[in-house]
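Trainee: Single-letter residue listing:
Number of protein chains: 2
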Amino acid sequence: MTARPSTGPQLINELQAILGERLSTSTYDIDSHGEDEGRQPAASPDAVAYTLTNEEVATTVKACAARSTPVIAFGAGTSLEGQIQAIHGGVSIDVSRMNKILEVNVDDLDCRVQAGITRSQLNVELEKQGLHFPIDPGADASIGGMTATGASGTTAVRYGTMRENILGLTVVLADGRIIRTGGRARKSSAGYDLTRLFIGSEGTLGVITEIQLRLQPLPEAMSAAVCPFETLEGAVDTVVEVLQAGIPVARCELMDESSIRAVNAYSKVDYPEKPTVFFEFHGGPKSVEEQAQMTGDIANEHGAGAFEWAAQREDREKLWDARHKSYYAIKALRPGSKGWPTDVAVPISRLAECIRESRNDAEDKGLMAPILGHIGDGNFHVVFMLDADDPAELETVMGVNARMVDRALAMGGTATGEHGIGVGKLGALRAQHGEGVDVMRSIKLALDPENLMNPGKVVDLAT
Amino acid sequence: MTARPSTGPQLINELQAILGERLSTSTYDIDSHGEDEGRQPAASPDAVAYTLTNEEVATTVKACAARSTPVIAFGAGTSLEGQIQAIHGGVSIDVSRMNKILEVNVDDLDCRVQAGITRSQLNVELEKQGLHFPIDPGADASIGGMTATGASGTTAVRYGTMRENILGLTVVLADGRIIRTGGRARKSSAGYDLTRLFIGSEGTLGVITEIQLRLQPLPEAMSAAVCPFETLEGAVDTVVEVLQAGIPVARCELMDESSIRAVNAYSKVDYPEKPTVFFEFHGGPKSVEEQAQMTGDIANEHGAGAFEWAAQREDREKLWDARHKSYYAIKALRPGSKGWPTDVAVPISRLAECIRESRNDAEDKGLMAPILGHIGDGNFHVVFMLDADDPAELETVMGVNARMVDRALAMGGTATGEHGIGVGKLGALRAQHGEGVDVMRSIKLALDPENLMNPGKVVDLAT
Chain A
1 MTARPSTGPQ
11 LINELQAILG
21 ERLSTSTYDI
31 DSHGEDEGRQ
41 PAASPDAVAY
51 TLTNEEVATT
61 VKACAARSTP
71 VIAFGAGTSL
81 EGQIQAIHGG
91 VSIDVSRMNK
101 ILEVNVDDLD
111 CRVQAGITRS
121 QLNVELEKQG
131 LHFPIDPGAD
141 ASIGGMTATG
151 ASGTTAVRYG
161 TMRENILGLT
171 VVLADGRIIR
181 TGGRARKSSA
191 GYDLTRLFIG
201 SEGTLGVITE
211 IQLRLQPLPE
221 AMSAAVCPFE
231 TLEGAVDTVV
241 EVLQAGIPVA
251 RCELMDESSI
261 RAVNAYSKVD
271 YPEKPTVFFE
281 FHGGPKSVEE
291 QAQMTGDIAN
301 EHGAGAFEWA
311 AQREDREKLW
321 DARHKSYYAI
331 KALRPGSKGW
341 PTDVAVPISR
351 LAECIRESRN
361 DAEDKGLMAP
371 ILGHIGDGNF
381 HVVFMLDADD
391 PAELETVMGV
401 NARMVDRALA
411 MGGTATGEHG
421 IGVGKLGALR
431 AQHGEGVDVM
441 RSIKLALDPE
451 NLMNPGKVVD
461 LAT
Chain B
1001 MTARPSTGPQ
1011 LINELQAILG
1021 ERLSTSTYDI
1031 DSHGEDEGRQ
1041 PAASPDAVAY
1051 TLTNEEVATT
1061 VKACAARSTP
1071 VIAFGAGTSL
1081 EGQIQAIHGG
1091 VSIDVSRMNK
1101 ILEVNVDDLD
1111 CRVQAGITRS
1121 QLNVELEKQG
1131 LHFPIDPGAD
1141 ASIGGMTATG
1151 ASGTTAVRYG
1161 TMRENILGLT
1171 VVLADGRIIR
1181 TGGRARKSSA
1191 GYDLTRLFIG
1201 SEGTLGVITE
1211 IQLRLQPLPE
1221 AMSAAVCPFE
1231 TLEGAVDTVV
1241 EVLQAGIPVA
1251 RCELMDESSI
1261 RAVNAYSKVD
1271 YPEKPTVFFE
1281 FHGGPKSVEE
1291 QAQMTGDIAN
1301 EHGAGAFEWA
1311 AQREDREKLW
1321 DARHKSYYAI
1331 KALRPGSKGW
1341 PTDVAVPISR
1351 LAECIRESRN
1361 DAEDKGLMAP
1371 ILGHIGDGNF
1381 HVVFMLDADD
1391 PAELETVMGV
1401 NARMVDRALA
1411 MGGTATGEHG
1421 IGVGKLGALR
1431 AQHGEGVDVM
1441 RSIKLALDPE
1451 NLMNPGKVVD
1461 LAT
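So the protein lines, in turn, are chains A and B. According to my numbering, the stretch in the first sequence is residues 1 to 463, in order. According to my numbering, the stretch in the second sequence is residues 1001 to 1463, in order.
These aren't lab readings, by the way, just hints derived from the structure by calculation. Glycine included, every Cβ here is placed at the ideal spot set by N, Cα and C. Some hints could be false.
[What the hints assert, rightly or not] Computed footprint of chain A on chain B, listed as stretches where at least three residues anywhere in the stretch have a Cβ under 8 Å from a Cβ of chain A: (1) 1143-1155; (2) 1181-1193; (3) 1212-1223; (4) 1287-1293; (5) 1347-1357; (6) 1412-1426.
The task is simple: from the sequences and hints, build the whole structure.
Mentor: Right, here's the structure in full:
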């Protein structure tokens, strides 16, 4: 690790001259910008810059660069692998006040937003025009943060991840240049795909300030169902056949027995404590009916119990509310614990095996580790519940997590389907991509030769 | 332009020692590897290397690098902007004999292929397992070439482009290292998205040797229809509303009056000579019926004539055969001419205007320029027919093309939706991406500091 540079009083003065009171060094501000929702140790920045415009971001980045001071982009702070921690100090550029919708083009099904808008803020406005932005990572993350992390969530099986739903970006580079990548065309073969290079770069190549998004029309009809299975394999095999049948399922979410137990207790529902899939179908009324019928037929061949249907919006929202609150429900299983959600993804043919072996490992070590999965993507989360004051337990969990990552990689999968690398999975990245990491380092050095953009994340040049 | 390096006899000897007779300097081989299907001047390589393995590609690249000799990756030779021309000499690495399917994972809906397999070769094998790879650029291109160009075509409106359908790559870098990007998981947030950096890089960052592809199940039901409209605006407005209604149309292809005239004459069909949309719907039987019904209702509100339906496979194939042969049909309008297909894409709300102004410009200059469009993507092609021996006509066409690119960019579009930059649109890339091109240059320099990977394409370091 390099020596931590100090953000000296001169830089603070310069930034205050640019931003006035929107440059803060208050204890509250710096502490609240030093820890995300994961389990990485807190590391506060030296100052927080609440920027309002692309130009302010650029000026802030330039001022920091002139004094070799790191900058860390901050959206809603909902990252999970330490992405926003200021591990080498520096200035946190908080874009949460850059939350405007700059344009909505209804005929073209696209919009441009500032990076700080959250997905729920955006969808409230879009729904008025019959549109929505479907990517749903659970947390009410900022669109900028979702972009920087390559987020996805419950709807990726139908609508893709952030990578498939972004047309272009505005990015402030390490030297303060402002570039626009991509554009408004639905597709382009014009030059290197800089848009997707910045998606998932976690603030290490530049600060994302604006995003041009693809939008979807609100579906004419929707239907949802909860379906318990006798076995995990029955649930996975059902989804495999659903996908092979070309059924355009909009969501298919797995919860294991202990997740269901947690949700039943927390949300006052009473689902059978079995491996359970939450399905959702979107489309025209006949199509939705057909999708549901075909899915039901397939599920019945794989030991499904009774489907609990929710065609009405109210019932559907209740169902998904229970699913979305599962993280809090799981935490409530062990009051006072710190939740540590982690994720891997594997080819779906290996999913049941990967989940079972990972769960057995956790249970062997006496850990509570409910499992939730975006089953159609082969992506699942284990939510470890930790006593934050017990280093031995942390070590045990780290071991289970590391073995789960190794297991996923051995099955042809990835160390992280949607949470990103941050500082938590630096070692896993090398295990996964080998010499590819050297290519990533070359790109990082080419775009940020002084290593000032969120240093120490994704590719750690100091090691 | 830098001085053209010579591929000296020593390098030829070294490559023959590696490849034996699969290293060719015959006139036939070098000439057939010096010209693609577009209008850029021919430029033959000094030798052609018919490699069979990743390791042979790596060894060939290393041998060339040691003697500062360019390498140009070659698949099926169907590029359109001079991508395969050896404008600085060097060795053409022909991967067409690397055409194996290395694995098909039916449960996971993915496969891994060598770069030289063509999409029709692949689909013949996949159909036996109830699967297909849907990306359809028209030409029977190699999967490697489609990857390198960021290709798409008639089905992108439903299934996306190559970017959305590739899980990972094997790439030989400029220094001969072999890396694997991505993987088999459906999604990943592990590090920079190298996969999509190589997609569309046109051989300038490395030679793509293997591709892990997402596959689709063959649809249970399919239906196609040809629908003439009174006006271009009626056709475009119909498709806008179809997309806004969330109808998951699989194909919607526009042909203008003169394209229809050409197809009628060439394929002995008799479609009305009006702006016409070819639709195709995929899904369950009820869904397909519903999609067709909803689309018909929308079209009728926008001046549609009678739909000509083709639900049977035979009729559907006849219909698409006429569409796919349209390039040859158009060429037959002016026997002896050289066709020059070019493409731009704009937000769909500007599509009718962009097509109309571009056509007016061409007609004002006395050019024959039928127009075909992937209307759902806002992407269209003009097929100019040139007298190859008339430099004045070439200049006129270049002017019309340049103005069309400027027009598309002014409308928020792209200089190329699917044909790529090659050498033909280098200037357009700068007009479109400004300082973004400097970022592309930085990346090129980081990965290919000696500028030996298909030099002079996409980003020209020599200017």
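Trainee: With reference to the structure, classify each hint as holding or not holding.
Mentor: Results for each hint:
{"no.": "1", "hint": "1143-1155", "result": "holds (count 4)"}
{"no.": "2", "hint": "1181-1193", "result": "holds (count 12)"}
{"no.": "3", "hint": "1212-1223", "result": "holds (count 5)"}
{"no.": "4", "hint": "1287-1293", "result": "holds (count 4)"}
{"no.": "5", "hint": "1347-1357", "result": "holds (count 3)"}
{"no.": "6", "hint": "1412-1426", "result": "holds (count 11)"}
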